Structures are given as C-alpha cells and as structure tokens.
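Chemist: Sequence:
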Amino acid sequence: MEPVEALERIAFLLERQGAVTYRVQAFRTAATVIGALPADELRSRAGSGSLARLKGLGPKTTRVIEEALAGARPAYLTHLEEEAGGPLVEGDQGQRMRQALRGDCHLHSDWSDGGSPVEAMARAARDLGHSWCVLTDHSPRLTVARGLTAERLRQQLSLVAEVNERLAPFRLLTGIECDILDDGSLDQEPELLEQLDVVVASVHSKLRMDKAPMTRRLLAAVRNPLVDVLGHCTGRQITGKRRPESQFDADEVFAACAEHHTAVEINCRPDRLDPPRRLLRQALETGTLFSIDSDAHAPGQLDWQIYGCARAEECGVPPERVINTWTERQLATWTRTGRTPHG
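In case it helps, this note's numbering puts the sequence shown at residues 1 to 343.
Hints listed in this document are in silico derivations from the structure and should not be mistaken for laboratory results.
The structure presented is a predicted model; accordingly, all values stated were derived computationally and were not measured.
A portion of the hints provided could be inaccurate.
Listed next, with one range per pair, are the computed distances between beta-carbon atoms [to be verified]:
hint: 1; residue 1: Glu314; residue 2: Ser205; range: 26 to 34 Å
hint: 2; residue 1: Pro318; residue 2: Glu194; range: 26 to 34 Å
hint: 3; residue 1: Lys55; residue 2: Leu226; range: 44 to 52 Å
The C-beta atom is built at its ideal place from N, Cα and C for all residues, glycine as well.
Turn these sequences into a full structure, and let the hints steer you where they fit.
Modeler: Here you go:
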C-alpha cells in the first residue's frame with residue numbers, strides 16, 4: 001500500500017466513524033504534503049529519519065508513512081479497519097437497496113461547511129460505486145455554514161465543469177441545499193436555481209415554529225417548481241445536542257410532494273435518520289418519491305447511505321420510488337418535466 005493511499009484510507013475510516021475533524025485533518029494534510037514530494041525525496045527522508053520535520057506531519061502520520069514505505073500495512077490502519085471498517089448495519093440490511101443506488105443527491109464540500117475539496121468528495125463517491133452525485137453546499141442565509149452567495153455559487157459551477165472533465169464518465173451534478181425561509185420562499189436567486197441540476201430545500205431556522213405556519217412554510221417550498229427534494233423534513237437531532245421534530249401536517253405536506261414531483265429525503269446521517277419511520281411509512285402511503293442521501297460533509301460519511309437504505313427497506317420503499325436509483329439522464333428528465341422512468 002502506498003503511503004498516500006494509507007493516509008487517505010485512515011482519514012476515510014475516521015470520517016465514517018464520525019471522528020472529530022482535527023483527527024481526520026491530520027491524515028488528509030499529511031497525504032497532501034507527501035503527495036507533493038518526489039518519490040525519491042520521500043524515501044530519502046524516511047531513511048534519514050527526517051520525515052517528521054516536514055510541516056504537516058506528526059509522529060502518528062510519520063509512522064504510517066514509514067511502515068507503508070517498508071512494505072508493511074500500517075498498524076494504525078489495521079487497527080482502524082478492525083474497529084471501523086466493518087458493516088455499519090447488521091446482516092444484509094439495506095444491501096439490496098444500496099446496490100440499486102446510482103448516486104447521492106446531498107453532499108457538502110469545503111465551499112460551505114464540509115471538510116474536503118469538491119473533487120475529493122466526487123472521487124470518493126465514484127470510488128464507492130456511484131455513477132453520479134450532486135454537490136449541494138448551503139445557501140447564503142446559513143452564515144454559520146459559510147453558505148454560498150450567488151456569486152460564489154456561479155464560481156462553483158465553473159469548478160464543477162472542470163471536475164467533470166477530469167472524472168468522466170462519472171458526473172458531478174450541480175446543486176444546492178437551499179434554505180426554506182420563514183414564509184416558504186427560497187434563499188437564492190430563482191434564475192440561478194433554474195440553472196442547477198438538483199435543488200434540495202431544507203429548514204434550518206425557527207424549527208420550533210407552530211404547526212400551522214410550519215405547514216404553510218413547507219407547502220410553499222415543496223410546491224415551488226424549482227425544488228426537487230425536501231431535505232430532512234423534521235429537522236430532528238437524535239444524538240449529541242438533541243433536537244425534537246418540527247411539527248407540521250404530514251398528510252398535507254407529503255400529498256403536496258407527491259402532486260408537485262418533490263421527493264422526500266431519507267436523510268442517512270446517524271444523528272438525524274430523518275424522517276422517523278412512522279413518517280417514512282406515511283410518505284410511502286401518500287405516494288411520494290424518495291431520495292436516499294448521505295448529507296455527507298466528508299468523504300468517509302458518504303458510506304452512511306446504508307443507514308437510509310436499511311430504513312427504506314424496513315419500511316417497504318420500492319427501489320423504483322427512489323430517485324437515486326435512476327440514471328443521470330432519467331434524473332434530469334424528472335427534474336425538468338416531472339416524468340419518472342416508470343411513469
């Protein structure tokens with residue numbers, strides 16, 4: 001195993017495990033540092049014991065590099081594979097659905113509150129077997145997450161085009177996680193949203209709004225023809241700093257989703273797992289489509305899709321009702337016209 005490969009795999013496993021950012025960043029930084037060195041210089045420094053003098057390398061990352069250069073599998077990587085590399089769910093839960101997925105409609109990069117560059121996220125999605133994924137950094141109102149102004153989003157569209165030239169035939173689709181404002185309007189210029197491949201709309205503020213105004217707020221968003229996916233609909237947090245579900249008329253909102261061709265997101269983050277099972281079953285009965293999304297903020301978190309796949313299978317969601325199982329062309333047809341591959 002090459003040293004850069006070992007460092008990146010360790011970072012991926014730490015992210016998959018939900019490790020704190022600084023632990024992950026140490027390995028990603030080390031991979032970047034040694035990736036820029038000529039192979040001869042890297043081996044020379046390892047032989048002379050001067051690797052640790054490089055800025056960005058510490059004792060643990062240096063040991064990983066030295067072990068990999070010596071032809072051994074780094075001990076820390078072996079430990080992590082045993083601790084965090086196994087299945088995230090028991091048995092074959094979610095496996096049939098996961099194998100049917102072709103993409104991921106919700107992920108973040110370091111342009112907003114993610115921890116990795118756009119291309120690193122796209123490469124990780126490709127390496128997990130996806131043929132496409134959608135970059136959905138935050139909209140401007142979410143300043144705590146460095147939401148993208150219209151100008152920054154336009155700049156990102158140019159970057160996405162460059163990434164696609166390098167990663168073809170894999171496709172990184174343009175998108176946004178757009179804030180649903182208090183009145184149900186969207187936090188970005190409509191003309192710009194029209195240019196995007198996929199728009200995920202989510203509530204991030206006033207989550208404890210009374211039921212009636214929250215229902216009106218969600219209805220306005222899901223009826224908007226620019227919206228393709230309703231993100232983490234209840235806003236709940238079930239681990240860490242817990243947050244209760246937002247209250248809204250689920251029958252009315254899901255019926256509007258079904259009527260206006262807006263998919264309900266099955267958010268896979270282990271701290272969200274949103275919607276809860278009862279609402280997931282309710283949306284299924286109402287006739288909505290679904291999007292099983294990692295909401296990843298780092299490459300290793302892309303693997304969290306299996307959590308949503310397991311919940312979808314448990315609740316009886318058929319693969320044909322999941323937009324991630326479609327090809328890029330089928331997805332584009334649906335976002336433009338509302339026509340499904342099976343409709």
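Chemist: Please go over all the hints and tell whether each is borne out by the structure.
Modeler: Now for the hints, and whether the structure bears them out:
Separated by about 31 Å at the C-beta atoms, glutamate 314 and serine 205 satisfy the suggested range of 26 to 34 Å. Checking the proposed 26 to 34 Å range against proline 318 and glutamate 194 shows it holds: the Cβ atoms sit about 31 Å from each other. Taken as a hint, the range 44 to 52 Å holds for the pair lysine 55 and leucine 226, whose Cβ atoms sit roughly 45 Å apart.
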